[in-house]
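Visitor: Reassemble the complex: the two chains are provided individually, in unrelated frames, and hints are given to aid placement.
Chains D and A supply the protein sequences, listed in that same order. The first sequence begins at 410 in my numbering and counts up by one. The second sequence begins at -13 in my numbering and counts up by one.
Don't take every hint at face value.
What the hints assert, rightly or not - For lysine to any residue, the following SDA-like pairs were computed, each having C-alpha atoms within a straight-line distance of at most 20 Å:
id	chain 1	residue 1	chain 2	residue 2
1	A	Lys391	A	Arg370
2	A	Lys204	A	Asn225
3	A	Lys410	A	Ile388
4	D	Lys424	A	Pro376
5	A	Lys324	A	Leu394
6	A	Lys375	A	Ala325
7	D	Lys445	A	Val42
8	A	Lys144	D	Arg497
9	A	Lys89	D	Leu472
10	D	Lys424	A	Ile388
11	A	Lys144	D	Leu493
12	A	Lys(-10)	A	Arg24
Simulated from the structure, these hints should not be mistaken for laboratory data.
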Amino acid sequence: MPTIEEKVVCVTCPKGCTLQVTRDVQTVLKVGNGCKRGYEYARQELTDPRRMVASSVRITGALHPLLPVYTSAPFPKPRIPELLAILRMVEVKTPVTLDQTILEDVLGTGINIHASRDMSKIT
Amino acid sequence: MTFKDRYDMVVIGSGPGGLAAAISAKKNGAQDVLVIERDVEPGGILLQCIHNGFGVEVFKQDLPGPAYAQRFINEAYQVGVDFLLDTMVLEITRDHRITATSKRYGFLNIQAKAVVLAMGCRERTRAQVRLPGARPAGVFTAGTAQRWVNVEGYMPGKNFVILGSGDIGMIMARRLTFEGAKVERVLEVMPYLSGLTRNYVQCLMDYDIQLQLMHTVKNIIGKKRVEAIEAVAVDEKWNYIPGTEEIIPCDTLLLSVGLIPENELSRQAGVLIDPVTAGPFVDDGFQTNIPGIFSAGNVVHVYDLVDWVTEAGLIAGKSAARLIQAGPQKTEKVIPVKAGENVRYVVPHTLNPDHLIEGEIRVQMRVRQPIEAPVWVEVRSGERLLHRKPEPYARPGEMVTIFLKPALLDEVKAANGLSVAIAKR
Chain D
410 MPTIEEKVVC VTCPKGCTLQ VTRDVQTVLK VGNGCKRGYE YARQELTDPR RMVASSVRIT
470 GALHPLLPVY TSAPFPKPRI PELLAILRMV EVKTPVTLDQ TILEDVLGTG INIHASRDMS
530 KIT
Chain A
-13 MTFKDRYDMV VIGSGPGGLA AAISAKKNGA QDVLVIERDV EPGGILLQCI HNGFGVEVFK
47 QDLPGPAYAQ RFINEAYQVG VDFLLDTMVL EITRDHRITA TSKRYGFLNI QAKAVVLAMG
107 CRERTRAQVR LPGARPAGVF TAGTAQRWVN VEGYMPGKNF VILGSGDIGM IMARRLTFEG
167 AKVERVLEVM PYLSGLTRNY VQCLMDYDIQ LQLMHTVKNI IGKKRVEAIE AVAVDEKWNY
227 IPGTEEIIPC DTLLLSVGLI PENELSRQAG VLIDPVTAGP FVDDGFQTNI PGIFSAGNVV
287 HVYDLVDWVT EAGLIAGKSA ARLIQAGPQK TEKVIPVKAG ENVRYVVPHT LNPDHLIEGE
347 IRVQMRVRQP IEAPVWVEVR SGERLLHRKP EPYARPGEMV TIFLKPALLD EVKAANGLSV
407 AIAKR
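This is chain A alone, in the form it adopts within the complex (with noise of 0.2 Å):
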């Protein structure tokens, strides 16, 4: 196969999101779509997430992570989209050059009306959370040891210990189990989950494992190899509670302490990143600021569901190919979306109100402190109630989704800004 230099639309990263973001934009008019995929096969961390919980709203089936990401690489292939593997891009310019290199097809310079960012996101690593203690071998991020797990086919250890309740950690040791190991323990500095509760109900109660909130790892044990961790108790503030220290012996310790988007690529383009999400600043089709670069996926803020996901890359990949074929629209006006009370973040970051004609306009946001009790998700246009909307609580760990609908075209579109707040009922 040989590739051209010119793109209508190039995505970089082939998981749900770049999937969906090309597939999209194909079947909205986009000419010719090029993904272009570090890895020696599409499907990004989908194929390592063996487990089932994928598709559900998507649809309506429950399925393992590669069953999902089958469907859409089957889809991408047959509506003609093209993929560059094993290929690492090293660069994209705001004029939307790519530079990439491979084994296989060397330097190259290609150059796209649009590009798509899909690259994912990373696993927080033990010096980003700095944990004391000695550094033997042993002490590796989740999703280490799960590609390690489902793909490779080795097991990194016999006794584990994981920090963090994520749902990747909780997930790893129910699978971890399955392959014959023992996990002692679940630890979480925060008072309350931070993964889904499904998993833990189904990842650590079905199989005993215990968890423990406001607790975490004081210091590793080990010179060669990881012999103990000590746990400890925290208080609110994350310090340690003298007199709860307890040596749980064991060989690894997994950390499942969150996902950061992956961004350096964006940021060499010039991309604006939100610094509460981590990722770029987008508008309600996933533009960044700059024009004719998109964003879909874990890359823009990390999601609690790929089929949240692929919604995404569906929205970018559509205005993506909205805007090669009619060229930047000129915008009369963008609102501005603000988090407010008990919000942390709110994406997109601004709407175009007149986006408002063709159809809702979805707006995810994620709740600063828990509300056990049923909650009102409120968006205002400065002291106006435009819309609300009642959920019956509000979790840090479970993304909040609203909708606003066309009827409200004329209120949004005469509102200098819009601000979200999650408060009690």
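With the rest of the complex left out, here is chain D (with noise of 0.2 Å):
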């Protein structure tokens, strides 16, 4: 089977070093620089590429009117506008701490969104 010869950047880290990655069509067979998580982050990121989403959603009642969220996970980058899309959607309410569960397993993909701070509200 013939194989191929790639070039990944990791983003696992900031250092983001450049993996060379030998592969057949399925597996990934060979990562060339890097450590134990690139080599890992190769064989995702040419299989099922995920990243950590960061967005916002709307909240009452707080000093501003936006709450920072983030996934609990990295996220199925192809299902990245849908999730944006949902959390266009949400309005939560005050009072909202740091890591609450905003939504659970977000379009069945098992993964939550999480507040990124605390929130009180303001009198």
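Guide: Here it is, written out as structure tokens:
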């Protein structure tokens, strides 16, 4: 089976190593440059690319009109637009605390949406 | 809450540097620590950096900016740090008197035994990069746009061009795309990326946003509002290359063209500023030339990672706590650390070799010219090589860190100065 040589930039940590990936159509055979996490990243990136997603939802009664939120785990990349569309419709009430679950099992991915900070009610 | 007019330590700014310094001072024995913040809530610019990528080193977790800040805010309250919010510091004197003003508490005079400057940095503006063209609405710094989009809930435009490939610019390109805007182009005058490679991948490549290196804005077009910008290719000396002009229709131009440490208060206090970093000259405990005035974080030099800002704050807070308790220490010898071949600057500027007895000393620097090949980072005393560390490459956008080990104590002590160089292996 023919092998493909590819370069993948690992985004796991701020180093951003360029990984030299050797693979056939389905499986990653070898990953040069980088660490253990880089190998995992390359495998994931070439089969099921995922990203941490951070955005915001509406909040009422707080100092600001928006509550920043993030995904509890890396989210399937092709479905990010769907996720953003859902977040646009969400509105939460104060008080909210850091890491409070805002949405559960979003789009059936098993991934939750968490609050990125506390937001208390302003009086 | 009432505030005292005397504190062991006062920290100016409640961003990651200030929070870390305050917590660390408390934990290292400072009795009362006050943080003064001009915004209505603590946390600093992290609160508008809602993207992930913070805390990978400090917490071994990938956190959004507000979550990273929240952990330190909670810890600061827990260890008993006082906060004076919505308060602007007007002046700091060399004998640690602070004048500040706030709507709620009026005019304040506070005397501190030690001060930590943690005012962070500001974005370079249009005027500072001398962008030609008309002056319509729609030209903003990336950080201003970030505050509007992420905190206040306003979109600054629909079609964007971003000048500068700094991290905030690239992150805003993705953020604006998330919120339905179109980012037409990112232009970078240098032949290399000025932000981190990972941001190029996950912010620009992921969303097919085009980056053009060695390109800049030649003209801003529009009367009331930006209607287009004229982009142009440049040579190594930033001269326009005739015939390469391109009109890119857009309604907003964002600038991500660098950050400058904010040191107005430092200068007033007599703190000497390094013209290269635009931050104070500091020793390895982040003390400035004025005894008892320390500085932490982006006010010293602009870091790539908030994690390193935290580390710097922890060191500054610890040194300040030591000074508060033990008084100024006599140092036998202070060793200057100089930027050698292909190094633009090094922090700290001086070090006390006796601190090597307690543990390693962190030295951070930026390379002058990129080297896309394996390099040595070398520390020398005169001609003598004391320490070297291999790196796979050296890029101006990515800070280089080395540690001087306690084993070097005698050699550093004997040195008249150290110089750090980065050269091809």
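Visitor: So which of the earlier hints does this model not fit?
Guide: none
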